[in-house]
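Chains E and P, in that order, are what the protein sequence lines are.
Numbering (the working numbering) for the first sequence: 67 to 435.
Numbering (the working numbering) for the second sequence: 23 to 320.
Each hint should be verified, as a subset may be incorrect.
[To be verified] Distance condition first, Cα-Cα at most 20 Å in a straight line; then the derived EDC-like pairs of lysine to aspartate or glutamate:
| hint | chain 1 | residue 1 | chain 2 | residue 2 |
| --- | --- | --- | --- | --- |
| 1 | E | K196 | P | E241 |
| 2 | E | K167 | E | D142 |
| 3 | P | K196 | P | D259 |
| 4 | E | K219 | E | D91 |
| 5 | E | K168 | P | E218 |
| 6 | E | K168 | P | D214 |
| 7 | E | K198 | P | D214 |
| 8 | P | K152 | P | D259 |
| 9 | E | K219 | E | D268 |
| 10 | E | K167 | P | E218 |
| 11 | E | K219 | P | E218 |
| 12 | E | K198 | P | E241 |
| 13 | E | K196 | E | E185 |
Honestly, the hints are just simulated from the structure, not real lab data.
Treat the numbers as computed from the prediction; the structure is a model and nothing was measured.
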Amino acid sequence: MADVVFSSVQKQFGSFMAVDNLNLDIQQGEFISLLGPSGCGKTTTLRMLAGLEFPTGGEIKIGDRVVNDVPPGERDIAMVFQSYALYPHMSVGQNISYPLKKRRVPKAERAAMMAKTAEMLQLTPLLDRKPKELSGGQQQRVALGRALVRDPKVFLLDEPLSNLDAKLRGHMRTELIELHQRLGRTMVYVTHDQLEAMTMSDRIAVMEGGKLQQFAPPKDVYREPANRFVASFIGTPGMNIVDGALRHEGGRWIFEAPGISVGTQNLGPETRPGNAAMGIRPEGLSFGEGPIEGIVQLVEQTGHENIVVVLVGTDMRLTGRTAADRVWRAGESVQLSIDSNQAHFFEDGPNGIRLNRPLSSPGNQEAAQ
Amino acid sequence: MTQKTKTLLERRYSMLGLLLIAPTVLVFCAVIVYPLVSAIYLSLFKIFTPTLEGTWVGLDNYRTLLAKGEFWTSLRTNLIWTVGTLTLQIIFGVGMALVLHQNIWFRSLARSLILFPYFISTVVAVLVWKWLFNDLYGILNHLMMSAGLIDWPLDYLGTMPNAMISVILVGAWKYFPFVVIAVLARLQTIPDHLYEAARIDGAGPIARFFDVTLPQLREVLVVIIMLRAIWDFKEFDLIFLLTGGGPVTSTQTLPLLVYKEAFALNQMGMASAYAVIMMLIMLVFMIIYIRRTRSEDS
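Input sequences plus hints: build the corresponding full structure.
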C-alpha cells in the first residue's frame, strides 16, 4: 500500500520552477532518499510533504488523505532538521516531550513516553541538560527523539547528518538504519550525499533541475542509470562519460570517440546513429593491455586500491581503479581496454536517456576493440 | 607558582596597549570621574549657586533631604513615571516589532516611519504635543468632543491625574521606537527552523509566540528594560517642558527637583546631594545591567 503519494506535484517560486511534475509512490515502511545536487528541488519536495511549503500544482497524499491544505501539525509526520532546530531554552526532556504537550497528552503518559524514547536513544543521563551543553551527535539524537516520541506515520529527515564529523556520520547512519528496521515506519530522507542514500535507502529518488530523474533501488540506480545525469552523479569516483558518435555496421553498433572504439549489440530498438555518449565506471576499465593509449596524470592512493586518472588524446580523462600494490608514476604511458559488457550508452545531451538494455541481459557479450 | 617573565616583545606590546587606551582613559576621567567626584564633594557643602561660595556642612544635606517630604514625594512620582512609561514602551515596542517582523507590504516604509518619534528633538515633540493637548484650541479635545466622548474640554496638563497620564503617554510615544529597533533586531536572528519545528510539533500561533519567540526575546528584553529604566528615571527635558513638574509638584520627578534646588533655590550643595542619591538608586539598575551583559558574554 502506498503511504505517501506525489501526483503531478509542482512548486514554483516566481518564475523559477523548483519542483516540476513530480510523481512518487512511496510504500508503507519504505526508506526513501531524495538525492541530488544543491537546488535540485529535493528539500522543497520534503518541505511540501511537511506542509512548510505549499505546492502550486498537483496533489500530495499521506495514507488515504490529500494533505495539500492540512497544517503541518495535523499531518501525522515528524521532521528532523539539518540544524536540529532544538528549542534552546528547553531541557532535553522538555524538547522531546514538547510535541506530546502540544497534543495535550496527559502528563503521566507524556513522561512515560519521553522516558521510553530517551532510553532508546541513550539520552536518559542528559534529560536535564540544555541543547547548548550537548555535542553535535547528542543534539542529533535529541532531534530524533523529538520526532520519534509520538510515533508518527511518516518521518522526514532533512540532511540530518551533514553537520556531523565523518566518523560520527558513519555511526549515526548505522543507527538510523537499525532504527528504521526496528520501527518499520516510512522514512523520507533528503541528502546530497550519495553514500548515505546508497547505504540506507530501499529506493532512491534522484532529482535534478526540479525533475525526478530516476526512482529505483540503490543497486539499479548504480547499475542501470536512467540517463546520463544519474550515471554521472552516482558513484565515487564518478562514471567516465565519453562524448562521441554511434554508427550501425553489420548488425551491430559501434561507438567512436577520438582514440576509442567500442562495439555493442545491446542497444534498444529506438537507437539512432549520430552523436551519443558512452559511460563506463572506473571498474570497467582494464589496465595493462588494450587498444587505448594514455598517460597517467594523477594517482590517488586510498589504501585498498589506487584511483588512476589517465589522459587519453589531448583532453579526455578516464578514471580507473587498480590494485593498491601496483605503483604508478605520473607521466607513465599506459594501455587500457574498455569492457563493453559494462559500458552504458546515452543519447546526446546532459540528461540524455540510456540507450542500452540492462547490463545483465543477454546479447551484451562483445569485447572492446 | 611559576613566575612568568615577559619577553621584550611582550613588554613592548603592553606599552603600546597602554599608550592606545591612554587618551580614552584621560577623556573618561575628565568627563565622568571628575564630575562624579565633584558632585559628591559639593554635596558636603552648603553652596549659594550664583557665587559658588560655600561652607562645609558634612552630611547635613543628606539628613535634611531624607527628612523632607518633597524628596519622598518626588521619588514616588519618579517611580510612577518610570514604571508607567516603561511598561507602555515595552508593550507597544514588542507589539510593533512583531507587526513589523511580518511580511507586510509596507514594511520598509513602516520601519523607517516608526523611528520618527525617537529621532525628533524633544523640544519640538513637546511643543507639538502641547498644541494637541491645549484645552482651548487643541485638536484632541476638538476630536473627542466631535466624537461625543466628552461634553467639556479636558485639561490634560493642568490637573491630576491627567497630567501624569499625559506625561507617561508622551514618554511612551517618544521612546517606544528604541524598544522596536532592539526587539526587531533580535526577532530577525531567531532561526525560522525553530518556528517550523514548532509548527510540525503542533504549536499554533499563540503557542509559537510563548514557546519560541518570547524565550528568545528574554535576554534582550532584560537589557532593554534596564537601559530604559535608567534613562527614564533620569528623564528631565520631556517632563520639564511639558508640565514643568506641575500642577504644583504633581509631576515633579527627582531630576526636576535637582534642577529646582540648583537654579531656582540656588542651593548647589543640596542639589548635588539629590543627584548623588539619584545616582545610588540608578546604580542598582546599572549593576543588574552589567551583570546581565557579562553573563551573556560568558
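How the hints compare with the structure:
1. K196/E - E241/P: Measuring from Cα to Cα gives roughly 16 Å; hence the hint holds.
2. K167/E - D142/E: 15 Å, holds
3. K196/P - D259/P: 12 Å, holds
4. K219/E - D91/E: 15 Å, holds
5. K168/E - E218/P: It holds: about 14 Å lies between the C-alpha atoms, which stays within 20 Å.
6. K168/E - D214/P: 19 Å, holds
7. K198/E - D214/P: 18 Å, holds
8. K152/P - D259/P: 14 Å, holds
9. K219/E - D268/E: 17 Å, holds
10. K167/E - E218/P: Holds. K167/E to E218/P sits at ~17 Å (cutoff 20 Å).
11. K219/E - E218/P: 18 Å, holds
12. K198/E - E241/P: Roughly 16 Å between the alpha carbons, so the hint for K198/E and E241/P holds.
13. K196/E - E185/E: 18 Å, holds
This entry satisfies every hint, going by the numbered hints stated previously.
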